[in-house]
Structures are given as C-alpha cells and as structure tokens.
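Number of protein chains: 2
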Amino acid sequence: MKRRTAIALSLAAASFGLSPELIAAAPALAPAEIVAAAPASAWRPVAPENLLLMEMGDGRRVAIELAPAFAPVHVANVVALTRGKWFDGNAIVRVQDNYVTQWGGADPKRARPAGLVEKPPEEYARPASGLALRRLPFADPYAPMTGHADGWPVGSDGTLAWLTHCYGMVGVGRDMPPDAGDSTELYVVIGQSPRQLDRNIALVGRVVGGMDVLSSLPRGTGDIGFYTDPKQNVPIRRAWIAADMPAAERPRYEVMRTDSPTFAAFAEARANRRDAFYIRPAGGVDVCNVPVPTRKAG
Amino acid sequence: MKRRTAIALSLAAASFGLSPELIAAAPALAPAEIVAAAPASAWRPVAPENLLLMEMGDGRRVAIELAPAFAPVHVANVVALTRGKWFDGNAIVRVQDNYVTQWGGADPKRARPAGLVEKPPEEYARPASGLALRRLPFADPYAPMTGHADGWPVGSDGTLAWLTHCYGMVGVGRDMPPDAGDSTELYVVIGQSPRQLDRNIALVGRVVGGMDVLSSLPRGTGDIGFYTDPKQNVPIRRAWIAADMPAAERPRYEVMRTDSPTFAAFAEARANRRDAFYIRPAGGVDVCNVPVPTRKAG
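Keeping their order, the protein sequence lines are chains F and L. For reference, each letter of the first sequence is one residue, going 58 to 355 in my numbering. For reference, each letter of the second sequence is one residue, going 58 to 355 in my numbering.
Same shape as in the complex, but just chain F:
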C-alpha cells in the first residue's frame, strides 16, 4: 500500500507540473497552509463589474463573482436585473437540503427591467479554445476531463468547456427545455456537487463571501425544498454591483490564480494529503474537492 501510494504521488506530481524531487523535498503542508503562505502574485482581483453584492434582511452580506466568460447573456441579465432592483425586497424562497438555496422568485408580478434578454440562448458550454485549462490528472465520472481555468472549476471534452456544479456555484433556475432561464431566479449549490446539472443549466458565478449565510438557512418543507409560507421567506434587502459604488467604498475580493505554482501545489496537496493528520493519501481528488481559494482583501 505504501509503494502504491508512492507511485501515485510521482505520477500526480509530474502531471501537476511539479517534479517528484520537489514534492519529496517540500514540507508536508496542509492545503490551508499552502494558501496562507501564498504570495501576492498567486491572487487575482475580482473585477468590480463582476462582483454582485447582496444584503439580507438581517444585514448579513453575500458576495458573488460573476462569470461572463462562460454565460455572457445570462450574466448580463443578472447585472440588468440587479441594476433594475429586481432583487431588492425580493427573497430566498427555496432551500433544499444537500442541493440548492434559491432566490429571486418571491414576487413574479414585479416588472422585469428594460434591457433584459427575455429568452437567452442555452449558455451551458462554450468553446474550449481560448481557455487555459489546468487539467486535473484524475478520472472523473461526468466529464472526459476536468480542471481549472482562470479561477473556475471546469469540465471539458476538448472541444467544449463548461463550469461544473461545485459547492458555492451559482446558476440560473429555468423551466422545462427549451427554456434556459432569464436570470430572475438564481440558486447556489449547498451540498454534494450535483454534477448531473452540468451542461443542462447555465452557471453564472460562485459565492466568494458569505456562503454560510446561504448554506445554514432552515430547509423548506414543501416540494423540492420550497418554503410553504411566504413568512418563511428570507428577505433580501438589496443587491448591487460593486462597480456602481464609489471606488474607495468597494469591498475587494480575490481569487487564487489557478495558473499559479501555488495553486498547483494546493491541488496536489488536496489529492495527496501528507500533513500529520493523514495516514493514506488518496492519490486522487474530484474537481469539486479542489475548491478554488478566495478571500476578502484589505
């Protein structure tokens, strides 16, 4: 078993672009220690125009990085809806355990803002070209290959690439196909990654702050986790785009650069835990179990 582990380590290290000698010489850092020691160059900022902020009724805040490179029309709709105050005074209406928390559908009589694309295309995948995928060297049951690109978890078949439904990813609720959703209702993954949704629904971003606000809500007792009484709805006071604030007042978030040596070491350590608590490194890891580190800056 020890021998098998050593072989797996060597293969994994080579695939990660790290020499086995480097791995062997490195102290056995836990992934969190690698993140804590990351140099400034390992981080990229979240662009203010891609930073969606929500303030809940109790004052707690959620920060979401939008992903226009993967779902440009759906993301543009999120921005238009936010600027049109669609989410202000709206609410979380559904919390299904081990699945999703969903918001934006509290008041269907509210007017959609001008500029909304009413029937967006199916932005469920994009061309793989133009995307620098750092591939994870492990088998995945859902996609021919997985990895990370520009700070996002990605699946790909070499021709197309798509965001994967990992914990904290934000998507657009939709009705039966061909409806692709107009971004008025959004959800976030709060449990085991529901990867069956990959390529079946548009992902538009991921939570970078305040995930606990969305994950620890009471589960709805109605069908598929809907709250059964509007009084159970969790109010959203307001939502806005960081770029619309004065620059000095904007909260700043950062995402680890997935093309950095630090992220390579982090992903390798997630696959092969050698810190003191562990006895048997797994020799592999799921793309959703390599959560891209994010942090609030300043």
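No false leads were mixed into what you were given.
In silico DSS-like links for lysine-lysine, alpha-carbon gap of 30 Å or less:
#, chain 1, residue 1, chain 2, residue 2
1, F, Lys353, L, Lys288
2, F, Lys288, L, Lys353
3, L, Lys142, L, Lys353
4, F, Lys142, F, Lys176
5, F, Lys142, F, Lys288
6, L, Lys142, L, Lys288
7, F, Lys288, L, Lys288
8, F, Lys353, F, Lys142
9, L, Lys142, L, Lys176
Derived contacts from chain L toward chain F, CB cut-off under 10 Å, selection only:
#, residue
10, Asp154
11, Gly225
12, Asp232
13, Ile247
14, Arg327
15, Ile336
16, Pro348
Derived from the structure by calculation, the hints contain no laboratory data. All C-beta atoms in this analysis are idealised placements derived from N, C-alpha and C, irrespective of residue type, glycine included.
Given chain F, put chain L in place with the hints provided.
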C-alpha cells in the same frame, strides 16, 4: 453528442444489469419517482440495535443507522457511550461550512462509561470478502472501484473495502495517528464529500432522519468551525438506542436494498437523467451522488 450519449447509456445499462432494451422501453422516470414506486421488497429495516436516536434541546430529533459490519469496535463504543449517557446534556460544538458538524466534546471531564474500549484499532477498512458490492461502472478519482453494499456507499481495491465519506455519513473524531478515536466525539458530513478522509478515519454510520437539524446550524467562527463561546453550543438533550425502547414505541426506519432491481434502476437514473428537465444525461455519476434512499416507516 447524442450518439455518444446513447453508447454511454448502453454500456451503463449493461453494467447495471439492465438490458438496453429495458432501459429504452422504460418511461423516463426521475430517480425520486423510482423511489416513490419502489415495492416493499426493495426496502430493508434498520435494526433497532443499530438505530441511534438523538433529541436536541429544541425537541427536534436525529436518527442514525450504525454500521457494525465496518467498524465493530467503534460502533460498540458508540452504543456503550449512548447507554452510559455520555451524549445526554452534551452538545454540538463545531460546524465547519462545507465539511462537518461535530458533537460529543462539550464536557471532557464527564466520565467515560465502563466497557469502553479506550484505544480501538484503526477500523478504516475491512476485508472485501463477505461483502456483496454492487459496483458502479464509472471511474472514481479516489478508489479503484466504488459501489454499494447492504445499503452503504463503499470504496474497494478488491482486497479491502471501506465506507466512503458521503453527505450524511457519520464518523469518529480522532487526534493525530496512531489515535483512532474512542467514539466520544462524532461528526457528520454536511458538504461536498471529503473523500480524502476515506481510509484515514473510522466511519460508523449515516443519518437516516433529521439530517436538516445537523446541516442548517450556524457555522462556527473559530478555527476549523468550532464555536467560540459555549453559549453557542447546540444542546443535545439525550441520546438512546432504539432497541432499548419498548418495541411498540420504536421509530422504524428503512433503507433501500442496494441489491434490489429498484436500486439498480435508481442508480442508473442518477447517472443518466432522462426525465423531462434534462437535455444531456451525464453518462456517469459519483458514488456520493447516488444517495441510498432512506425513509421513516409506519
């Protein structure tokens, strides 16, 4: 893409023991519909001696099926601790987002009951022989093979078999190796499956009722999710084993038989969603994304 999907379906159907003709002829049921239509023969009871019940301070209840076939000494310790009232008046002390909820460590000065094995062996895997594994025909990044046996999610290398850290699985907290934990502190997985813990820690069961009680608690703000003030602890009023109640008063839980045709159809449908909402069946699924159905009976 359609063609690739059709081939994947045929392979998967054959591997699941279902003919492609049967799959093609079957209505495209959602997994939940397959569970709802399951015959009585598709379910097995949870044995009262393996049913751990907990009542929280607010009266809500949690039910856990113990797994003595995988970790007999650790499970015997859980039973001895429960009968010795270790958990009565104890508390949940740690909730780490996307990881675990942990309890039993609120009062380390409490006396351990007689009969406790103070230093259990490392029950992190067991012989694969004697276990009828229904294998999932998909690659897994953590284990040479995965599947289900007697209602449990399992990883195996053909020689050994082990429970996998899926959502709702319950394990034994431990200190640094060689400590294997004495079952005084237990945790439940509340996020993406932390499969790196497989074969590194003893799993002793899984939640079969009241999972939302454990998953929706406020996240701790201390290191690795510990509550920072004992006032934040979530009280456990009492815990007991169902077998110790009068037979007529015992709650009864059931688990889907993972060797049943119904479970085969359920697992296949989890891998290849063909119900109306889906456009592209994934053609594969992770063992932790085939959650074994459980229900309260009677």
